[in-house]
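**Q** Letter by letter, the chains look like this.
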Amino acid sequence: MEIRLLAKGYKNNVQFYEDFLEDKIIGNEDYFSEEYVTITDIPNFPFYMGKESGEGRNKAFLEAFQIIAKYYILTDRELHLDERFWHSLLVTKKRDYILEKYPAVKEGFSEFKKIVIKNFDWENYIYKCVLAAEYIEDIGENEIEKSHLYQLVLDNLDVYNYIIKYPIFRNAEFVVKILMIIDELNISKIMKANIKNRPDLGKDTRYGRQVIYELNKNYPIVMAPMMEKEDLKKEVLKALSYYYDISSIGRELVSIN
Amino acid sequence: MIYKKDANFPYPILTNTTTAYMNPYFSLDVRLEENTNAYRFLLDYEVGSTFINNLIQKNQATVIFIIQSKDTRFVKLTPNQSYIDIEKSRISLNKRTSIQLQIQTNEEIGFTNNDDLTSFYEPFKNEIMLSKNKLLGFSNVVIFEGSIQQPLVLFEKKLNENLTSDIKVELGTETIILHYKKAEFQFNGMRNSRNFNTPYLYIGLQKALQNFVSECGRDEGAVDLTHCDVPETGLDYKLYNLMVKKMITEISNENIDEVISLISEKMIEKYSMAVRELDQNGD
Numbered sequence: 001m002e003i004r005l006l007a008k009g010y011k012n013n014v015q016f017y018e019d020f021l022e023d024k025i026i027g028n029e030d031y032f033s034e035e036y037v038t039i040t041d042i043p044n045f046p047f048y049m050g051k052e053s054g055e056g057r058n059k060a061f062l063e064a065f066q067i068i069a070k071y072y073i074l075t076d077r078e079l080h081l082d083e084r085f086w087h088s089l090l091v092t093k094k095r096d097y098i099l100e101k102y103p104a105v106k107e108g109f110s111e112f113k114k115i116v117i118k119n120f121d122w123e124n125y126i127y128k129c130v131l132a133a134e135y136i137e138d139i140g141e142n143e144i145e146k147s148h149l150y151q152l153v154l155d156n157l158d159v160y161n162y163i164i165k166y167p168i169f170r171n172a173e174f175v176v177k178i179l180m181i182i183d184e185l186n187i188s189k190i191m192k193a194n195i196k197n198r199p200d201l202g203k204d205t206r207y208g209r210q211v212i213y214e215l216n217k218n219y220p221i222v223m224a225p226m227m228e229k230e231d232l233k234k235e236v237l238k239a240l241s242y243y244y245d246i247s248s249i250g251r252e253l254v255s256i257n
Numbered sequence: 001m002i003y004k005k006d007a008n009f010p011y012p013i014l015t016n017t018t019t020a021y022m023n024p025y026f027s028l029d030v031r032l033e034e035n036t037n038a039y040r041f042l043l044d045y046e047v048g049s050t051f052i053n054n055l056i057q058k059n060q061a062t063v064i065f066i067i068q069s070k071d072t073r074f075v076k077l078t079p080n081q082s083y084i085d086i087e088k089s090r091i092s093l094n095k096r097t098s099i100q101l102q103i104q105t106n107e108e109i110g111f112t113n114n115d116d117l118t119s120f121y122e123p124f125k126n127e128i129m130l131s132k133n134k135l136l137g138f139s140n141v142v143i144f145e146g147s148i149q150q151p152l153v154l155f156e157k158k159l160n161e162n163l164t165s166d167i168k169v170e171l172g173t174e175t176i177i178l179h180y181k182k183a184e185f186q187f188n189g190m191r192n193s194r195n196f197n198t199p200y201l202y203i204g205l206q207k208a209l210q211n212f213v214s215e216c217g218r219d220e221g222a223v224d225l226t227h228c229d230v231p232e233t234g235l236d237y238k239l240y241n242l243m244v245k246k247m248i249t250e251i252s253n254e255n256i257d258e259v260i261s262l263i264s265e266k267m268i269e270k271y272s273m274a275v276r277e278l279d280q281n282g283d
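So the protein sequences, as listed, match chains A and B.
When the letters of the first sequence are read in order and numbered with this note's numbering, they come out as residues 1 to 257.
When the letters of the second sequence are read in order and numbered with this note's numbering, they come out as residues 1 to 283.
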């Protein structure tokens, strides 16, 4: 399948949006560069979970993980981590799918920007899914472990989002280790809870985010991104203990002091 | 993460600039090879401390390869490992990529027998005790400019008969792209065709540099090249290198023409000669 890449300048172009709605993008040379990319299969997958919650959201994410893992992350990373590729794919090949699945794009340019040509960073659902799929497919030992890890991403989406914001923590081993540690210590609920009575920490601060923040602050004195899991577990508990009474969490406490 | 500046540590660290070690070097050189599926990073590194080298050989410390592009990857090296393969599906070198080596302890290490430290540490080195996972040293940073495909090319020429103007200058991620509506406008096939394109190149450079000033100058209308952050994007990074190499220290909207004449290898002079030659030989 050949995908023609869009030329720069489409992102803030309202006319481009209107032409998308009227199906006038294909055939208009002004919108395209001379570059093409080739990819074998381009199956549909949910790529915007911003309006979903609960089971619906989890289902959409799992479907995206699976399809991205199977069809997209096998291409050169230059391609599947390239914003222009995804925007070109969506606009030129997925118009019908978008209009049916995300009718909100018809409401206005800002919705279209938020759903279809969203900046490709940690806030973009495709980006989140591409990284999760790469990391888990490479590290997961078998299908059961992989699906467990995908579930852990979903159960800890707030921490996952926060981790992939930091360049040093945005790496496969660290993401997977942290998720496994949260699982083993059974602290998922704590990690995503809001920290109360600490106005000094800013609005909407959660335990998980503060733990990652502490690990970031201590680097390089504490080399968190490349620690073995058991060593990292102690650092996680130590960081959590600055904000939370961890005595209820278990025996691990004994070994950190 | 990669250190670009000297970080402060509570104990001596081996770097290329430290005053803590007698032979302050931990140098890294990287060559890149590739096949269809993978990049191979060939590592050439040297650690200027016998003490640390022995720790590595005895597996009491590990050299860690860190590569940062879209995300960060850490690879623990075996003592004499000389290269690392990473699949192209897992690394993108399109953007600027930084590589560094770090050495980390695998167990508790005492510095009593570290004879490579400068005399300053002699009286108290036996008190230095590093626990597991502590940093022993870090190398220089090797940078790939994110322009593997077009390392030096600044301009691209394209023909586009559907243009609504005769010529269009576009700033790409790695290059300045000159779109021509008609092939004749490129003077192809003529002697000196390259020089006859000078006016277009000039316009392209001017546009790219104006963009550079607004991107890197953050509304101030001027960029101090000796102190500014090195640009991340390909084209701005190339322009930055070109200007620094030509010893330009500041660029502003005021001195763009001056900068062009300094970085453009006598472009106008060559153009003028080409036109004169045409005039003398011509009809």
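Keep in mind the hints are simulated off the structure, nothing from the lab.
Treat the hints with care, since some could be wrong.
[To be verified] Some, not all, of what chain A presents toward chain B, calculated at C-beta under 7 angstroms:
(1) Asn28
(2) Asp76
(3) Gly108
(4) Glu111
(5) Lys113
(6) Ile115
(7) Val116
(8) Met226
(9) Met227
(10) Glu230
Idealized CB from N, CA, C, for every residue including glycine.
**Q** Have a go at the Val116 (chain A) hint: is there a Cβ in chain B nearer than 7 angstroms to its own Cβ?
**A** Violated, about 21 angstroms.
**Q** Double-check Asp76 (chain A) for me: the hint is only fine if its C-beta lies closer than 7 angstroms to a C-beta in chain B.
**A** holds, 4 angstroms
**Q** Under the criterion of a CB-CB separation shorter than 7 angstroms, is Asn28 (chain A) in contact with chain B as hinted?
**A** The hint is violated - Asn28 (chain A) has no Cβ within 7 angstroms of chain B, the shortest such distance being about 9 angstroms.
**Q** Grab the minimum C-beta distance from Ile115 (chain A) to chain B and call the hint holds if it beats 7 angstroms, violated otherwise.
**A** Cβ of Ile115 (chain A) sits 23 angstroms from chain B, so the hint is violated.
**Q** Tell me if the interface restraint on Glu230 (chain A) is satisfied: Cβ within less than 7 angstroms of some Cβ in chain B.
**A** violated, 11 angstroms
**Q** Minimum Cβ distance from Lys113 (chain A) to chain B below 7 angstroms?
**A** violated, 20 angstroms
**Q** Can we keep the Gly108 (chain A) interface hint, with Cβ of chain B closer than 7 angstroms?
**A** violated, 28 angstroms
**Q** Is the hint on Met226 (chain A) kept, meaning its closest Cβ partner in chain B is under 7 angstroms away?
**A** Interface hint status for Met226 (chain A): holds (4 angstroms vs cutoff 7 angstroms).
**Q** Against chain B, is Glu111 (chain A) within 7 angstroms by beta-carbon distance?
**A** Not OK, violated: Glu111 (chain A) not within 7 angstroms of chain B, min 27 angstroms.
**Q** How about Met227 (chain A): closest beta carbon in chain B under 7 angstroms, or not?
**A** Because about 6 angstroms separates Met227 (chain A) from the closest Cβ in chain B, which is inside the 7 angstroms limit, the hint holds.
Comparing the model with each numbered hint stated earlier shows that hints 1, 3, 4, 5, 6, 7, 10 do not hold.
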